[in-house]
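Below, each chain spelled out in residue letters.
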Amino acid sequence: MAETDVKILGTRSSPFVMRSQIALKIKSVDYEFLEENLVKKSILLLQSNPVHKKVPVLIHGDKLICESLVIIQYIDETWSSGPSILPSDLYDRAVARFWANYIDQTWFPSLFALLFTKGEEAKGKAIKQLLAGMELFEDAFKKCSKGKAFFGGDSIGYIDITLGCFLAWIRVSEKFNGLAILDTEKTPYLVSWAEKFCADSTVKEVMPEVDKLAEFAIKLEAHMNASASN
Amino acid sequence: MGDLKLHGQTFSPFVYRVIWALKLKGLDYEYIEEDLSNKSDLLLKYNPVYKKVPVLTHRGKPIAESSVILEYIEETWPHNPLLPADPHEKAVARFWFKFGDDKGLTIFEFFIKVGEEQEKALQDSLEVLKILEEHGLGEKKFFGGETIGLADMAIGWVAYWMCMMEEIAGVKLLEEHKFPRLFKWTKNFKEFPIIKENLPDYDKTLAYLKSIREKYTK
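Residue numbers (our numbering), protein chains in the order written: chain X, 1 to 230; chain A, 1001 to 1218.
Careful: at least some of the hints might be erroneous.
What the hints assert, rightly or not - Simulated DEER-style distance windows between Cβ atoms: (1) X:E195 - A:N1188: 13 to 23 Å; (2) A:E1197 - X:K123: 43 to 53 Å; (3) A:S1037 - X:T106: 15 to 25 Å; (4) X:P109 - A:T1076: 23 to 33 Å; (5) A:E1197 - X:F216: 53 to 63 Å; (6) X:A228 - A:T1106: 18 to 28 Å; (7) A:D1041 - X:A228: 39 to 49 Å; (8) A:H1079 - X:K123: 47 to 57 Å; (9) A:D1003 - X:A228: 21 to 31 Å; (10) A:K1210 - X:P109: 26 to 36 Å; (11) X:V29 - A:H1079: 23 to 33 Å; (12) A:K1141 - X:P109: 27 to 37 Å; (13) A:E1089 - X:E215: 12 to 22 Å.
What the hints assert, rightly or not - A few chain A residues that don't get close to chain X, going by computed Cβ distances all over 12 Å: (14) E1033; (15) S1040; (16) R1059; (17) V1092; (18) E1109; (19) Q1118; (20) R1181; (21) F1183; (22) N1188; (23) I1194; (24) S1211; (25) K1215.
It should be emphasised that the hints constitute simulated quantities derived from the structure, not laboratory data. C-beta atoms are modelled at their ideal positions from N, C-alpha and C, and glycine is treated no differently.
Please construct the entire structure, taking both the sequences and the accompanying hints into account.
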């Protein structure tokens, strides 16, 4: 296939957008990053993702792909000569997809609730769910990594990307709430994995700085509260 | 036989997604009915995270979550494909599978609500149906194109379970004049060979759904 334009429509703070960038970097695919303003969405975004009007959107030539997990799989299948993102063993692929599904359906909502919900009860519930998830991931890591550095083995794979993209936001939550989500005693494997993930060449440039993200989180919360009361 | 076992519940549309995929691929499997009010040790062992059906085991290895099970079936037995071969078309199919999967609860919500809450739920359902009609189906016969695919299976419950729910709740949502394409799709889906032969008994499902509504709205 001839070299065609690859673009990502996204924001620098979105973990879901980060997933797409990491996947392209794994495949050594050059891309243009088109920064979106989610308060004032561009015509391009509204046309490219009319159903959800959300980022990320991957633009590959004249093709539009939406939904971060769908995008990762598209990237993996399209640039198949590069390192694989999904495991080659079909059962391991099912396990990877299961965890990606759990992360998005069950675990991420509790991270979001912890960051942006008010009230002790709601936060308490979110923390409980979040930490329960971390224990499951610790266990899953031991099984999936088979003694290697990442969920995907020697190199970053599907679960690594799907969970790892939240690491900066996890640090922000820890900072705001004075708790350890990645705990050296309870989740030592994850702590070690997180370090390696963030240091990886495919992740380093796209992982936001925690302090800047914390500032952004405060602004975002203020904006959300303002919208809610209008 | 013996290789594939499906843990399910008679009326569950999520379980039926897996049944449809297995049947469309011509795969033999053993079906194990689970009592969800008294879950078996085996189910809890196979799906400790969600404790739900469906669970498919292949040579003793369990897979949970219908979307994960369907992708596994598709990749393990690639004949009679349920996803397009082209990566972009496949991405579009996966997008609609996810949409159908994510929005299922939104469309269903009206059934377990009454009064003002039901009114709101009905409005939300109509919005989702509109998206399916205009963006999902478009000019296609099925969400998968000329033939049934995974995306059709995610939304398949709308073709059969939903009309019963409308009848029980005394509402009309999927009306032909409002959603002509989707309405036609429900007919095409229900009539598709294999799907037709693999739907739960109408009267029994109706009775079961009535009991669900009573449970949630008393």
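- Query: Which numbered hints are broken by the structure, listed smallest first?
  - Reply: The structure conflicts with hints 1, 9, 13, 16 and 17, although it agrees with all the remaining ones.
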